[in-house]
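Visitor: So you can see what is in the structure, the chains are spelled out below.
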Amino acid sequence: MSPLVQGAITIFVGVFGCVGYFYAANLLLDKVIYPAKGPNIGRNINRANAIRPWLFLLPAILALSIYLVYPVIGSLIRSMYNRAGNEFIGLGNYTSLAGDPEFQTALINNALWALVVPAAATFFGLVVAQLTDRLSWGNIAKSLIFMPMAISFVGASLIWKFVYAGDPDIGIINAIRDGMGLDPLDPLQLPFWNNFFLMVILVWIQTGFAMVILSAALRGVPEDTIEAAIIDGAGPFRVFFRIKVPQIMGTIVVVWTTITILVLKVFDIVYTMTGGNFGTEILPSYMMSFMFRDDGRATAVAVVIMIVVLPVMIWNIRQAQKEMR
Amino acid sequence: MADLILKGVAKSYGDVNVLNDINLDIETGELIVFVGPSGCGKSTLLRMVAGLEKISGGTFTIDGQVMNDVPPSQRGIAMVFQTYALYPHMTVRDNMAFALNIAGKSKAEIDEAVNGAAEKLQLKEYLDRLPKALSGGQRQRVAIGRAIVRDPKVYLFDEPLSNLDAALRVATRIEIAQLKEQMPDSTMIYVTHDQVEAMTLASRIVVLANKGIAQVGTPLELYERPNSEFVAQFIGSPQMNLLAGEIVETGAQTRVQTDQGGGTIVSDYPSNADDQGARVRVGIRPEDMVVTDSADFAYEGKVAITEALGEVTLLYFEAATGQDPVIGKRPGVHSDDRHKTLRMSAPPEKVHVFRDGVSLHYR
Ligand SMILES: Nc1ncnc2c1ncn2[C@@H]1O[C@H](COP(=O)(O)OP(=O)(O)O)[C@@H](O)[C@H]1O
Ligand SMILES: [Mg+2]
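Residue numbers (our numbering), protein chains in the order written: chain A, 1 to 325; chain B, 1 to 363.
Chain B on its own, in the form it takes in the complex (with noise of 0.2 Å):
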């Protein structure tokens, strides 16, 4: 039961300013993900809204509460670190209990907690171990238990799933998802460098980039209709081609003649007359090239690399060196397309159009 506010949050260690003007409001139920490149400051605003780091400008409020100065356990928030961070020389049973111990609840209470969180975790037969004696992902479950059995109102959770492997962290994040559905009243945020846990696990997405909000948005508004270079590339893999053009029709949908192939694409977003023959940039995933002998098309190369991975094909067009590739992607193997030279094209509402890194859409 928790609405979150923050206003004009901004965070400097000393001299260095790592975040500036934040604003959110996260409501009950949400489960919000911070996204980003590594070190753009999300598990400093976590850790803001936890109360381990003290907030340095703005306001923060939990349901209206002005929380900047209340200490962490008092904000009504439970944190999964990515290390886990259980206690060591404590039980499974003691790590979930040590909180309630502290608030001074009765054994009775205590156990009905504990025991509550570990039949939900699958965690009953390991309550008398020592974390040590756990897998990575019992530990994890161990660390998201701890959090439960406080009933907070806020969980954070810090790049949960980083320190398991690949296939734990699918099944540790679908038993997330399954726990956020369980309590649909707790707020959830969560922060991770992995735009696949993001895409999966968010209700809204915060792509944090430059000290600041890139953009918010649900999961597919992010996907289809990012706001900037920067959070089109970020959300997608591989990530979107951006290829660079002349706007040479402008109205309610869009031209633009590309510098490689010279070949002429539409897009479904908007320009006005002053547009006519501004330099942009033409954004399109991979998943949405498709192969063409029109002379409508936005990209022509030779395919230098393919790799097919049975249900898709990737396309590596050669490129100059330094340059990233552009990369297309078909349904079906499509292994002699090596060497090619092939025509690609895509429908006008997968076409983005950016202007000094913004999309046309968003002014």
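In isolation and in its complexed conformation, chain A is listed as follows (with noise of 0.2 Å):
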């Protein structure tokens, strides 16, 4: 069979099966198990209306309890085995992960990239956002720079490859160089300083998400309160930084966290720019080069990041709700 029709036959399954679980479960709560008649009528309606919410979460918790829970705790389980799976040897893998110095280094490098990934996203992503409000062709400036939002990550690794090749003619950072009268060389290899061209990247993704929420912060921002600023003597700066800043603090945290929880998920630029070498290493790669070689250290490293992972998203799902109300 074709994978086209394949698809479609999924979609029109997937749909419809939707749609006729709902109008199922909600046929069978109203006229079978609490019909809306009889001598309990108004006891019937109360209760049917009870349940309906959970019938239509049941599918999600379902889903999630199979593909979320059911893993977490699979892989707490797996990551407490050795590497063939067939001896339980408790806390070992954490303890040599402990001893590894890639694991350190990892977890150094991931720390940075929590912190400046973020960072740098939010802080541009907040200046583009106001730069761009008032120029004419703003809206032509968001839209490039929302661009690579588009782009996969291996997508966007690939074109910074090129950005960082050693040949002058290709990559620019040695072209500059090469117009300097210098010799090439190559930015990956560089210790330390390569952990930040690899930044480079997810900042440059990441800049264009930070900005779309943040502009529309920004406007949401009363004009009056701005106009009262101005009266009052507040510069373009003061007004900036005093006045419509803290107002869009909230949406400032949500941005900052969301994308410090997805730099502890991205691997796949440094898998593929530099595959972890040279000091790069970051946790979710570090986890990828266990992967199927020692699944036990593989998912020990995973909850790991997990753990690491998790004070950030509630914080983040707070400051979210905090935000709605």
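Where hints are given, some of them may not hold.
[Said to hold, decoys possible] List of simulated lysine-lysine pairs, DSS-like, C-alpha gap at most 27 Å:
1) B:Lys124 with B:Lys105
2) A:Lys161 with A:Lys265
3) B:Lys350 with B:Lys340
4) B:Lys132 with B:Lys120
5) B:Lys132 with A:Lys244
6) B:Lys153 with B:Lys7
7) A:Lys244 with B:Lys107
8) B:Lys105 with B:Lys120
9) A:Lys142 with A:Lys161
10) A:Lys244 with B:Lys54
11) A:Lys244 with A:Lys142
12) A:Lys322 with B:Lys132
13) B:Lys211 with B:Lys7
14) B:Lys329 with B:Lys302
15) B:Lys105 with A:Lys244
Since the hints were derived computationally from the structure, they do not count as laboratory data.
Reassemble the complex: the two chains are provided individually, in unrelated frames, and hints are given to aid placement.
Guide: Take a look at the structure:
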């Protein structure tokens, strides 16, 4: 069967399966279990309405349990077994991780990523959002800046491979060095700094995201407060930093944490650009290097990542809920 | 300490002309109220004074200094917005101190100014609260406090009471009047679409309509001698009755025969000999209407509805569909006037005559 037909059938079954489920489940509830007639009509309607939300939530709860909760618990268990998966070794994988200098590098690098990328992307997004709002061609600029969002991480990495290429005829960095009479070098092999060259890629991608969200938030700042500040004598910088930014702080935090969570998941960039060599390893790519070779260790890394992401995620959800209120 | 002079001031947004040829002298210590129907350009005019809108034409001076291109913060003005426009992330104290901080005032000076304003406005206990923890009336007082601390020459208010409920509106209106009393030297410009606010607060009212000024005068001048049908109907509530008729006698006094009922009524407005036979409209305020038996009357009709408000009774006369009913106001309770046919008249000094919409008094 051609994959196209397969896809069409999947969509068809999926969509109508959902419709059928909701229709049938509601029918069952309203007509059979608690019919809206008879002597207990009032009680029946109340009960049916109390149950209905759960009918709608059930598929999602089931799917999340199967695809999220079960794997998490499975990973926790698997991370306590040896490489072959047949011998329980307790926290053995974790202690050996802690002793692995490669893991330590990954942890430190990851911390660096988690600090720099969200900060830079949010900052640039905010600045771009403010500046493009005042330009007649601001929307074109915005579209251009947003475009990297549509590129996969691997695709973006490939583009940046060209930027960082050693050949001065291809790579812009070496072209500049060449212009200054310097010898070409491989930026991705510069210890320590190569981490930042990789981060640039994610910043480049995420600035568009930050810009779009923050631009909407900036437009939501009441014009009156800005005018009041202008009358109070505030210049453009003060208006921006003392009036506008504080009023969108909630959104800034949400953008910041959302990007942080993303950063803690991205392995594609490192994997594509350096394969984790030259001291650029981060946790997800470190995990990838063990996958299928030592699943015990790989899942242990996954658990570590989850533990690191969890507090950020909780904060993010809290802020987002506060924003919605 | 500020004389404000607008000379030929105009405003256009692109090709759209909003205000035209505004000429106005405002003297130090006046409380000028801009009134007019919604969308007539009151806010626009105020914002040009504030410097938030560019002035498209003419000149605007404060104390002889041309202000057209002076930034808002250097005009010596402070503005209170309809929506309060408090900085939501700052405490009441910081809201009031913001301008002084920017101006580089010392901590002691700022504290003194903020505490003084808080005292005046009964905001002392709320200084460390955020605006969201205040009621609407308190927020508006903070906004006023933010203006006071800067000790401006000119206060600008843009419909400051519109977001308050009716009772609070009256209370805050009185507070503003008292505030003005305490600061006799400061000039205030106050925008509202509510003619009661205008009547109660203003030292002079500027009625805006049709892209320009319809009339300027004290509240009572506008009430007693409106220069046009528009102003006549805009000031006063319920609005002035306008009765079509024809001038039958001219001179120092004018006698008009009205179409409905055929009675004649005398006005103190003078008219010329060539007004004889001219089609005009007689304006009589509901509160000036009196019931009469004599052959001199302005209107005769059947009362369709009465509204007894206790101290007065409003009489709504039957009207052809689509037309405003003639309204009379009688002191006391007169619910039994309903369905009666009444003859209404008014004393000559209360009878206005408009030819082509313009008052004979001002020709
Ligand atoms: N930025 C703008 N662009 C075009 N027209 C505007 C703008 N702001 C206000 N106007 C027009 O100017 C007129 C006066 O507005 P405004 O001063 O706000 O009226 P008011 O305060 O008397 O209700 C309105 O007809 C409005 O449509
Ligand atoms: Mg307005």
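Visitor: Determine which of the earlier numbered hints do not hold for this structure and return their numbers in increasing order.
Guide: none
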